[in-house]
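Engineer: Start from chain E and add chains L and C according to the hints.
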Amino acid sequence: MTDIIADTSKSRSELAIIIAGVARDPLGLIGLIIVGSIVFSAVFASWIVPYDPIAMNIPDRMQGPSGTHLLGTDQLGRDTFSRVISGGQVALKVALPAIFGAMTIGLTLGMIAGYGPKWLDNFLMLLFDTIRSFPTVMFALAVVALVGPSLQTVVFVVMATSIPTYGRVARTQTLTLRNSEFILAERAMGASMARILGVHMLPNIIGVLAVLAAMDIPTVIALEAGLSFLGLGVKPPTPSWGVLLKDGYALIRQTPWLVVGGGLPIILATLGFTFLGESLRDVVDPKLRKNR
Amino acid sequence: MTETLLEIDNLSVDYETARGDLKALRDISFDVNRGEIVGIVGESGCGKSTLISAILRLIAPNTRFRNGAIRFKGDDLLTRTEDQMRALRGGDISIVFQDPMQTHNPVITIGKQMVDIQHRAMTSKKEKLATAAKMLGAVGIPDPEARLKQYPHEFSGGMRQRIAIAMALMSEPDLLIADEPTTALDATLEVQIIERLKDLQRDFGCAILFISHHLGVIAELCDRVVVMYAGAVVESGTVREIFHNPKHPYTRRLIECDPGHIKARARILPTIPGEVPDLANLPDGCIFRDRCDQAVACCAQVPPLTRLSEGHNAACWLNHAEEVA
Amino acid sequence: MSPILEVKDLKTNFGSVNVLAGVSFTVEQGETYAMVGESGSGKTTVIRAIAGLAPAQAGSVKFEGREIRGIGERALRPLRKDIAMMFQDPTGSLSPRLTIRNLITEPYKIQGMKDRDLDAEAKRLLELVNLPAHFADRYPYQLSGGQARRVGVARALALEPKLILADEPTAGLDVSVQGELLNLLNDLRERLGLSMVIITHNLNVVRHVADRMGILYLGRLVEEGTTEAIFHEPRHPYTNCLLSANPEPDPDARLDRIALKGEPPSLIQRPSGCEFRDRCPMASEVCTQVPQWEVTDGHGVRCLTPRHL
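Chains as they are written, first to last, in the numbering used here: chain E, 1 to 292; chain L, 1 to 325; chain C, 1 to 309.
One chain only, chain E, in its complex shape (with noise of 0.2 Å):
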């Protein structure tokens, strides 16, 4: 009965349906925009913001919102606004490379530990659950103390405490692939275990894995945000969403707009990523399905 229900034409290509899927959904359509958006202004932001985001002007500090600034002034004097742009630019900056080694490194381990002899499996294992069961902050204030805050900081914290979770993603999913018919055929055929895992594997994982990671960047956006709060991530005067938040909280009731500049973007972000993590998840899912 699949047969006579699956889609027979390949005229458009994969990504193509898989947008047009998130499309159809009308919260995945407001993830889409949303995210569309950021990353819009986080690629062009240094052609979109109206003042330059570092640029200190003290005898116009702590303005509220106004038509040339719209979010306002913070305690230099830098417009609010720009910051906030810029902010998304860091912010991608830190989630997407963090993300991205962490997926990539994460994928490989876990593909090797549910496919490879037991042994490494096991090893592997432990290693992922110590590096969880280390919390992100202190390990955040190890690496800081050895080497300074920074952006590239932030983005190695991140990505080494990720790698766990696309692990065991991928080490499930391995498990679960690792005895179909498909799998025996190959190695029946003699293919290596690199081929299996690359060609055979991997094209069957990454769709679960890209949508983990369409749905962690809020959670890294969180947390690089976090540990600029803390003063443990960006170095000043980079603008971050976080370090938005740190200024405008010390002086909250002279400069509220700052933390609703910081924390808005967040909570857009969030909501954002999720509705389209979620909604990329229904798309790809039933397509998997189709393979009974």
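It is worth saying that the hints were derived from the structure and are not from the lab. A couple of the hints might just be wrong.
The calculated DSS-like cross-link candidates involving lysine-lysine, where the alpha carbons are at most 27 Å apart (straight line), are [what the hints assert, rightly or not]:
| # | chain 1 | residue 1 | chain 2 | residue 2 |
| --- | --- | --- | --- | --- |
| 1 | L | K198 | C | K261 |
| 2 | C | K81 | C | K114 |
| 3 | C | K162 | C | K11 |
| 4 | L | K149 | C | K261 |
| 5 | L | K198 | L | K134 |
| 6 | E | K93 | E | K246 |
| 7 | L | K128 | L | K198 |
| 8 | C | K162 | C | K109 |
| 9 | L | K149 | L | K125 |
| 10 | C | K261 | L | K134 |
| 11 | E | K118 | C | K11 |
| 12 | C | K162 | C | K114 |
Structural biologist: Positioned in the frame of chain E, the structure of chains L and C alone reads:
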């Protein structure tokens, strides 16, 4: 006295898909009388699954009932509410499915499952367990009281299917629908189940709607047979008429292709060349026309299901001498 | 001519479960041998053990005279050109995210034959199995069961193997399509001079493709001979039961069915004496002894009360 228990009357069901409407069932008509065993024979894509899900209303969300009625004891099931249908399922109409390994809940004991499905009976739990044990015995499970405490994985495939039959018959249904119940089993188990079904049917007197693509089993078990192809009934009649005097080219070819009767080693086995038509893009005229070696000009019109003799209907122009001549 | 495959006393245990208790059979070049058995007989394990996909703790498997049991994956890899396998689940054995073209040219890539024109090979193979050329761009989920099976055949034939191991090649196929596949296999076998080992529980299939057959019960062969001999003069009671358990598509067919009692016994606790005696309609006191494998005129049987002798 043959009382009509189930009457499928000109039933047409579509699936709405992105590619268009899949015409899964077109003008399906046949009856099942009380106490008789009716076999539905057909290959993949003939619509048997759609038919069963239509009768029980366990349908996919994109199913559309275009036409027709499903009358059970005179009542059109299509007009019943979901609650009324639920009262019917597992009560007056029971079903046994194809895969015995997936039929039962793996984390609940067989005893508990058999007690649970007696939820309509106003008896005590002890009495329900006793009934369950009795049914297990009736399907040939040795030591039934002890086995009630076991989990599905502790039974083999053949036993699980027998348990499924026991569970289906416990409510003493008027109609038992068996959806390819022996397809997943080895031949020796298959015949065991068929023998068992025959005995049970005699004892309980229920009607059975037996779906299968295994001609030998249909021939052995059924009183009447309905042959389906690509969503249409092409022939129906008593089992003897269908197997000894088939009146539709598809039925004839199907019987020819069954290697069960080809005693000597054949260098080339008979087949039906071509593929089942795309249900979303139906050809004009007779549904079997493209694969039929006896097609004539008038096959460009859809042949009606015509009554050829008492209890024997076929949808083929070749039976209308005046049309073909 | 020496046999292409010689299996002697193959034994396989999965943990404490003894799945194969010493299976021996020979396949001559150009011959089709059918291994018949029901669930639990070990037939799938036999074929997988031969292909090196399941363990075999004892016994010998000789391919073209060369021992291949337990030689390790690296040594086995070059032989995989010559021994191809077809799996039971037609769509499940095809990697779901690859196109048919990529699927049937997999063997070339695995064996490192990069110089071949893979497009041309894909076309050739599709033609060999009577599938239209445009199927090369399709995905497994877009194929019917019969079509997916033929892709499996095409893939098995890619590197022109000498021996094909087929696991239930007609399982799940409609009767009208089954014949197509069997005709295809017969045709290819003749044209390419293939040898085949087919495992199945479907006796109707065996009758039309196999030269010789063996009946497997609980991991041991209980009867073996030419297909003709076995169908006409089955000696083992189990063979007899199997043959009679075939309902004919004729409501008036006489049913002299020999009923098999009970279920196959557990492999963890094998019965003593003749392992079939608890279910055997012909069992007697003599069956508490262990029957030996005896061959008369190329027809072997393991029974203390065989028929036709």
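Engineer: Give a verdict on every hint.
Structural biologist: Tested hints:
| no. | hint | verdict |
| --- | --- | --- |
| 1 | K198/L - K261/C | holds (17 Å) |
| 2 | K81/C - K114/C | holds (15 Å) |
| 3 | K162/C - K11/C | holds (25 Å) |
| 4 | K149/L - K261/C | holds (24 Å) |
| 5 | K198/L - K134/L | holds (18 Å) |
| 6 | K93/E - K246/E | holds (20 Å) |
| 7 | K128/L - K198/L | holds (25 Å) |
| 8 | K162/C - K109/C | holds (19 Å) |
| 9 | K149/L - K125/L | holds (14 Å) |
| 10 | K261/C - K134/L | holds (20 Å) |
| 11 | K118/E - K11/C | holds (25 Å) |
| 12 | K162/C - K114/C | holds (22 Å) |
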